[in-house]
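Here the structure of chain A is known, so what remains is to put chain B in place on it, guided by the hints.
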Amino acid sequence: MKKCKMVILLFLVILPNILSAQEKITTDNWLSSPGIIGTFVLIAIVMIIAIVILFVKINGYIDSLKRRQIDTNKMAFDDELVALDDADIDAILEKRKAALKYKLKGNELSGSAIASDDKGLIQRVEKDPNNAYFDEKKKTSLSLETPLELKKIVIYYIGAATLWLVLGTLIGQYLGMKFVWPEMDHQSWLSFGRLRPVHTNMVFWGWSSLAMIGLGYFVIARTSNNKIHNYSWAWTAWALINATVLLGSLALMAGINNGGGEYREYIWPIMLMFAIGLIITFINFYKTVATRKISEIYISNWFILASLIWTIVLAIIGYLPFYQDGLGETVIQGYYMHQGVGMWFMTFTLGLVYYYLPSALNKPIYSYSLGVLAFWTQMLFYTMIGTHHFVFSPLPWWLQTIAIVFSAGMVIPVVAGTTNFLMTMKGSWNHISKSYVLPFFLVGTIFYFVGSMQGSVQAFRFTNFVWHFTDFNVAHSHMTMYGIVAFFLWACIYAILPKLTGREPSQVLVGGHFWLAFIGLFAYMISLMAGGTYKGLSWIEGNAFIESVILMKPYWVWRAVGGSLMFISHLIFAYNFYYMVIGYKKIKSSVLAKPIEEITV
Amino acid sequence: MLNFHKEHKNLVLAAGGVFIALSILIAIVPAFQMQGTEPIPDEKPLTAEEREGLHVYVSENCMACHTQQVRNIEMDNMWGSRPSIPSDYYYSKKRLDVWRQSPSVLGSERTGPDLTDIGNRQPSEDWHLLHLYNPRAVVSASVMPSYPWLFREVDSALLKKDDKVVAVPKELFNKPGKKIIASNDALRLVDYLKYLKQTELPGGTINDFIPALKKIQAERNEGQQAGGLDGAKLFSQVCAACHQETGKGIVGAFPSLVGSTIVTDGDTEKLIRVVLQGYDARTDYGVMPPFGDQLTDEEIAAILTHERSSWGNDAAPVTADDVAKVRQYVEMELNK
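Protein sequence lines, in the order shown, are assigned to chains A and B. First residue of the first sequence? That's 1 in the UniProt record's numbering, and the numbers climb one at a time after it. First residue of the second sequence? That's 1 in the UniProt record's numbering, and the numbers climb one at a time after it.
If you're looking for bench data, these hints aren't it; they were derived computationally from the structure. Cβ coordinates follow ideal geometry from the N, Cα and C atoms, glycine included. Some clues are possibly wrong.
[What the hints assert, rightly or not] Label-pair restraints from in silico Cβ distances:
| hint | chain 1 | residue 1 | chain 2 | residue 2 | range |
| --- | --- | --- | --- | --- | --- |
| 1 | A | E547 | B | L13 | 30 to 38 Å |
| 2 | B | A157 | A | I276 | 53 to 61 Å |
| 3 | A | V41 | B | E153 | 55 to 63 Å |
| 4 | A | E547 | B | I262 | 28 to 36 Å |
| 5 | A | G159 | B | K6 | 30 to 38 Å |
| 6 | B | E200 | A | T236 | 50 to 58 Å |
Chain A extracted, bound-state conformation (with noise of 0.2 Å):
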């Protein structure tokens, strides 16, 4: 405690200095400024702990390379008895048949009990322990007692929103691959500024949200031990936001968008379909709370409620025009679009990690306390920081300045979280190799704290000068909304559908999955943040625009391999989807409770 006290003191201490440094804006020796040095070494981490997984799983494969090793030795060894004399043989096998007909009785060593595993200590039974290319992962071996309208609400939001990532990647991807080739097409509807909004609409509302609000709905009813409140209300949400993306995304291609800024370029009329949605959801969600069976409210639900309140909030305020002409709709712009990141999708999949974490390593979160800490932070804080996208503008510098300040103050839920997750990880480490959930958690827990502080060091003043407008910016939103959002959305669903369908996705591509995936984010982030620093001093040297648009295009071509391998990563994801849920009606409820022992042996 008192160590910990001394280190909240020394931080105090820090930090003013931290930011006054911020104040003399030069660039004689950028490379030594704190949040260019802070993001280096938060990309570190990243690496080192890739590197730490591939290293563990490596050993793996070198330990069975061995044992392969001695196989071939042994067959050296019958070669030899090939070659013996008959006589020899003879004489070798006699001793042989000797010492064979030697036998024991049979209960020297044993009792006379039966052999059994009573206390279930036996988790899994190797079958195939040659297998060298692939650690086999531990199988699920329980399944849960869930209502079968539940699980159908379930699938069908992560189904709908499957398709939503595999279509808005793939216009992702087309979009990168313009910077490359501006000739590709010559269609209204495909040109670069009416694609990107729907883009990135289609990723946020279909994929994150459907995926979210879906989840959502298992947590919610399991850790109330409640029944839903309403289900046919879960699916006039599901068809109000799936009609939101769809008409959302045809007008932004036929040139119809609600002034261009960013996450609110869906039209009013099209996006309080989607608010809707979001009153509709809290509503059967809060009712299912209410009426809980066991007393506590539990720290998921906490983030869920509120993040859904909030977004509702924050809907309404986007988009009521009273306070919107001249700058006053770029203040909102700025509180929109990150209040939008921080306040909805961050909320509420912290929620689903608070309940799917430990449920997936069968023991309770490190510490309750650490999540309400989180919880209220993350509120205070969160909602301050929007202007910092707007830092030198003409926005008023007061704005700006708290933006900076609290930016910082995003340490303290974004630590707490972290912790509370790696917390709840130690002592099932193993689990990494072992399962093939967790390396998910573990890099969406990674980059939930490296993304965080990347965004917060990218707010100060030093860093804004160079990164702002330039590449940078799309990296982070990826780090981000992919890195930490997506990981530990694909974490969940790996985590709870199996049990739900009692079918398990091919461990190969899984794994396929998630290294494509991980890799493809890699070459994404790394190639737009090298690109967009050169872009930023090339700006500050004072060169010619173009010289900028020129040295950028390797970094380009970089991203648009990166987004071509998580394009690939997701159609395999939709695949295992598919073979997770197909089907999932015509397995008995009794075939799932099957006892520990039977599915195991």
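Structure of chain B alone, referenced to chain A:
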């Protein structure tokens, strides 16, 4: 005492209530304050045509790649002579119609150049139209999309009098008897782009940009002291958009300066006049806009000296005095 762990109602009310309070404080109140902005005295409202152009600008979502904000830092000085202020957006940032809000023209990404002052930087309508038809016709390294749907292909015989024909180079469009004409949308969009000019502040321009790195600043000062302006750099900033870095221009759109008699003539009066007043004597090329108000005598002299001594051209340098003389002469002519 509140027990959020057990009272769902209080939990939701507290989370919602605090969030709404913070939102009002950090978003709604400042937004209302910013809305009270008034226009700069000289600021021009958009005409109906320019407003129509703004609608095309929004529909094509040009904001995805182009910013319209000059930040108060040195590197943004190339996009405007002063940092943007809230009043700059008085006329352009109004609610578009019932369905669409005030456009987010400030932007968040500078994949293409900032457009705050594009009307001053690039006043030529012909350049804009060709650039929209195919950006790579004028800027070979550009990654901007082409907008062919803003143009129409018509039979030369059916050409109407008020049709605006776009001078497209042969490599891009070569159909005998056909011409490319600009649609109404393209013309209005160009009207809007030409409208985008930074309004001068009543008190004159004060340089309040935060300087970039000291080294560059020092080098620049040295350069200016040591012998004036860099003609090559000025040329690439002001002239190369049309005449290209190679000086060869674009056949069918912008004339070549290489070996041009106007450029290399011993008498520089005509050349200086073209720069000061613009030029529209040849129907096979686009119109050259005047640069007299935009460039100083020293700058014009530096650019012309560069033109006359590059790409194989070999003529005597132009001095600022030469330019000043012609400028005086032109002004006298105008006063008559």
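Now for the hints, and whether the structure bears them out:
A beta carbon spacing of about 56 Å between A:E547 and B:L13 contradicts the range 30 to 38 Å that was offered as a hint. With their beta carbons about 56 Å apart, B:A157 and A:I276 fall inside the hinted range of 53 to 61 Å. The hinted window of 55 to 63 Å between A:V41 and B:E153 holds, with their beta carbons roughly 57 Å apart. Checking the proposed 28 to 36 Å range against A:E547 and B:I262 shows it holds: the Cβ atoms sit about 30 Å from each other.
The hint said 30 to 38 Å for the Cβ distance between A:G159 and B:K6, and at roughly 36 Å that hint holds. Taking the beta carbon of each, B:E200 and A:T236 are about 57 Å apart, inside 50 to 58 Å as hinted.
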